[in-house]
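**Q** Below, each chain spelled out in residue letters.
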Amino acid sequence: MHSAVAHHFESLEKQGQAQRLGMWLFLATEVLLFTALFAAYGVYRYLYTGAFSQASRGLETWMGGVNTFVLVTSSFTVAMGLDAIVKGKNKRTGLLFGLSILLGCTFMVLKGFEYRHHFLHAELPGPFYGGPIAGSGGSMFFALYFLITGLHAFHVLIGMTVLGVIGARTWLGKYDAEHHVPVELAGLYWHLVDLIWIFVFPLLYLI
Amino acid sequence: MSQHLESSPPVYAERNYLNTPATGLKSWLTTLDHKRIGVMFLIATLFFFAVGGLFAMLIRIELLTPGPTIMDAMTYNRLFTLHGVVMIFLFMIPAIPSGFGNFLLPIMVGAKDVAFPRLNLLSFYIYLLGAVIALGGMIYGGADTGWTFYTPYSTTTTTKVVPILLGAFILGFSSILTGLNFIVTVHTLRAPGITWNKLPLFVWSIYGTSVIQILATPVLGMTLLLVAIEHAFGWGIFDPGRGGDPVLFQHFFWFYSHPAVYIMVLPAMAVISEVVCAFSHKNIFGYKAVAYSSLGIAFVGFFTWGHHLFTSGQSAFNAGIFGVLSMFVGIFTAIKIFNWVATMYRGSISFKTPFLYFIGFLFFLFFGGMTGIALATVSLDIHWQDTYFVVAHFHFIMVGSTIMAFLAALHYWWPKITGRMYNERWGLVGATLVVSGFVFTFLPQFLLGNEGMPRRYFNYPERFQALNVASTAGASVLGIGFLIILIYILVSLKYGPVAGPNPWGSRGYEWLTPSPPPLENFDVLPAFERGPHEYHELPGSESAAPGAGTSHA
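One line per chain: the protein sequences are A and B, in this order.
Counting with the numbering used here, you get residues 1 to 207 for the letters of the first sequence.
Counting with the numbering used here, you get residues 1 to 553 for the letters of the second sequence.
Keep in mind the hints are simulated off the structure, nothing from the lab.
Take the hints with a grain of salt, since some may be wrong.
[What the hints assert, rightly or not] Beta-carbon label-pair distances, calculated as ranges:
#1 A:Ala134 with B:Ile139: 39 to 47 angstroms
#2 B:Asn318 with A:Phe128: 31 to 39 angstroms
#3 B:Ser27 with A:Cys105: 41 to 49 angstroms
#4 A:Phe119 with B:Ile139: 33 to 41 angstroms
#5 A:Ala6 with B:Ile487: 36 to 44 angstroms
#6 A:Ala39 with B:Gly136: 30 to 38 angstroms
#7 B:Ala342 with A:Leu206: 55 to 63 angstroms
#8 B:Ser436 with A:Leu188: 51 to 59 angstroms
#9 B:Thr195 with A:Thr161: 39 to 47 angstroms
[To be verified] Simulated crosslink set (DSBU-like; lysine-lysine; CA at most 35 angstroms straight-line):
#10 A:Lys14 with B:Lys26
#11 B:Lys160 with A:Lys111
#12 B:Lys26 with A:Lys174
#13 A:Lys14 with B:Lys288
[As the list claims (entries may be wrong)] Okay, the calculated bits of chain A under chain B, using three or more residues with CB under 8 angstroms as the criterion:
#14 6-17
#15 42-51
#16 121-135
#17 138-150
All figures in this text were calculated on a predicted structure; none of them were measured in a lab.
Don't be surprised by glycine CBs; every beta carbon is placed ideally from N, CA and C.
Sequences are here, hints too, so could you generate the full structure?
**A** Okay, structure coming up:
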């Protein structure tokens, strides 16, 4: 029996099945965590339609667009990494995961520049709002903006840590063509982080 | 195998999970064994049950007379908040799933452990961390918002609400991890022979509970976090002064907290389905109806939250829809009640302590459920909103039935967990006191609410005093009952007679293994040829029993 099988599983395959199911359930909880914020966004968008679209126009759409491209590319490199370990090429997976982390860093830096811009223009939540939009709509938009993008950025950080740990272990040969479920799960998590941004970007920047 | 076990005199399994691999404190705190983690959860939840119960007694003493009796208004506000927070987040939500569920679910599906044992231990420590933070917040000052944390009051109050919010937020992760573990365990670790239609009903109900825990808890976590952020920084998400919508908070909160009621009640139903079969010595009536109605409750429970908002400015149309959807829960619950009663019919009933709790459970579920249907009727609810009628209703349906099931489970599985029997006579005394004490605590509150006494006030007009005194008297009986149970249960740990593998003659799979169970649950894995509730052959004859689940899924 493979050494990675825990004592209570009958086979590596069964264990992998359990781990995948567990990961998918965990991803469901992550989606629901964001759903609460998306629902709040929907409610306030309905209440403050004009202010929300005005505030949305004020965002640097090109930065968001570049970030979208960066994240989707990082998902691609992660998928390539999984493909490599399935074929047993662990060094290549390690490199590709490293590349994905670099792309994740790019995302964070760009996001940082955007935050800097908002701070300089006092586009901030609640009582700290000093932007041009009258009424409560502007401050509400930026409360949700910082909550949603902040929570997402937090997930990007966790995702990069996961990719780093699993990528390093793969590089060191802990996983191989037969046993690579953790690599797959790290990839799944990163795809979720990417997928959430795919919803965040149009909600905040485009519509 | 089972024939051998059932015909021999009671033996205490010498090599069991309690002494393997070691007995020291460290071996417990670092254990990955689901049984030990379950036992630790039981001890922790029982401790918090005692704390919450102490708060309840203080509240009842305060309400003996109108005006201040033993404390001032602010202390009272803090106490009822803490009573709610402790009882709900620290006792009722984790007690049956994380305690008994952890102990029993892997055994019932013939597994050696849960799918992710490390995650399981982590869940326990997250629970402890959340509990410590919440308790710290209580000692540090406590909140006066009620356990519902309604905005805008919760974001403007000067009491220390943030630690308690964070504690509840962290406790949510414990709940999620346990639910996730159970779902994966049921899907991937069932022993050969245990098909979905041969799963014990306990497992079905815990499965339904886990689905709710996974889907609803993240929304509560986010909501509590938003309130904490709002309280700390004033971002205005729920603050009408900054354009926020406080009713949105109520939607978010009840989107979790109404399904959370089923996180508490479904495990209670899980226990009861086992107990009614074991003590009627009869097959469960309508296995599939009982199993699927659990999933039905889990599903419909997600679409009823609006019945908490009938008086919060919700449109009449919405209120009507939510009212009708809430009544659907009554249908699924009624299906279960009919099936349990039909299971008793012409059974061979042994009226032991767990069965007495089952009778109490039926009463509270039925009475509480019927008042729930009444409350779901919008035109009636308008008048009962925020009165003691609501307090009494949810204490019957949610607390009463959960505590009955918890105590039934404690007595029914006590010989399995400890290997020893409690004293049956004292058990019946304790159960009688608890059931009658509970009735006499909350029956007066239905009457008080109907006469218009609002909840959450420490003062009331003179004319309500007689019923309040009655309620406090009932609570005292309840408290004495719990004390008696605590004493004889602890005594039985040392002096109780050895139980043997199956003292009840139960057909449940968990009774096929010695008591207490060995480290990996079964010395020899049984074949699981019959269903878990099949009594139509005499105990001991293990010949191929026909019936549910001989088909392999």
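**Q** Now tell me, hint by hint, if it's right for this structure.
**A** Hint-by-hint comparison with the structure:
Checked against the given bound of 39 to 47 angstroms, the beta carbons of Ala134 of chain A and Ile139 of chain B, roughly 45 angstroms apart, stay inside it. With their beta carbons about 35 angstroms apart, Asn318 of chain B and Phe128 of chain A fall inside the hinted range of 31 to 39 angstroms. For the pair Ser27 of chain B and Cys105 of chain A, the supplied restraint of 41 to 49 angstroms holds, since their beta-carbon distance comes to about 43 angstroms. The given range of 33 to 41 angstroms is respected by Phe119 of chain A and Ile139 of chain B, whose C-beta atoms sit roughly 38 angstroms from each other.
Checked against the hint of 36 to 44 angstroms, the pair Ala6 of chain A and Ile487 of chain B passes, with Cβ atoms roughly 41 angstroms apart. Between Ala39 of chain A and Gly136 of chain B the CB atoms are about 32 angstroms apart, so this pair conforms to the stated range of 30 to 38 angstroms. The given range of 55 to 63 angstroms is respected by Ala342 of chain B and Leu206 of chain A, whose C-beta atoms sit roughly 58 angstroms from each other. One distance hint, 51 to 59 angstroms for the beta-carbon pair Ser436 of chain B and Leu188 of chain A, holds here, with the actual separation near 54 angstroms.
In this structure the supplied range 39 to 47 angstroms holds for Thr195 of chain B paired with Thr161 of chain A, their Cβ-Cβ distance being about 41 angstroms. Between the alpha carbons of Lys14 of chain A and Lys26 of chain B the distance comes to roughly 31 angstroms, so the proposed pair stays at or under 35 angstroms and holds. The suggested pairing of Lys160 of chain B with Lys111 of chain A holds, with an alpha-carbon distance near 34 angstroms, which does not exceed 35 angstroms. For the suggested pair Lys26 of chain B and Lys174 of chain A, the alpha carbons sit about 30 angstroms apart, so the restraint of at most 35 angstroms is met.
Between Lys14 of chain A and Lys288 of chain B the alpha-carbon distance is near 27 angstroms, which keeps this suggested pair within the 35 angstroms criterion. A stretch counts as covered by a chain when three or more of its residues have a beta carbon under 8 angstroms from one of that chain; for the region 6-17 of chain A and chain B the count is 6, and the coverage holds. A stretch counts as covered by a chain when three or more of its residues have a beta carbon under 8 angstroms from one of that chain; for the region 42-51 of chain A and chain B the count is 4, and the coverage holds. Given a C-beta distance limit of less than 8 angstroms, the hint that chain B covers the region 121-135 of chain A holds, as 4 residues qualify and 3 suffice.
For the region 138-150 of chain A, the proposed coverage by chain B is satisfied: 5 residues have a C-beta within less than 8 angstroms of a C-beta in that chain, meeting the threshold of three.
Comparing the model with each earlier hint shows no violations; every hint is respected.
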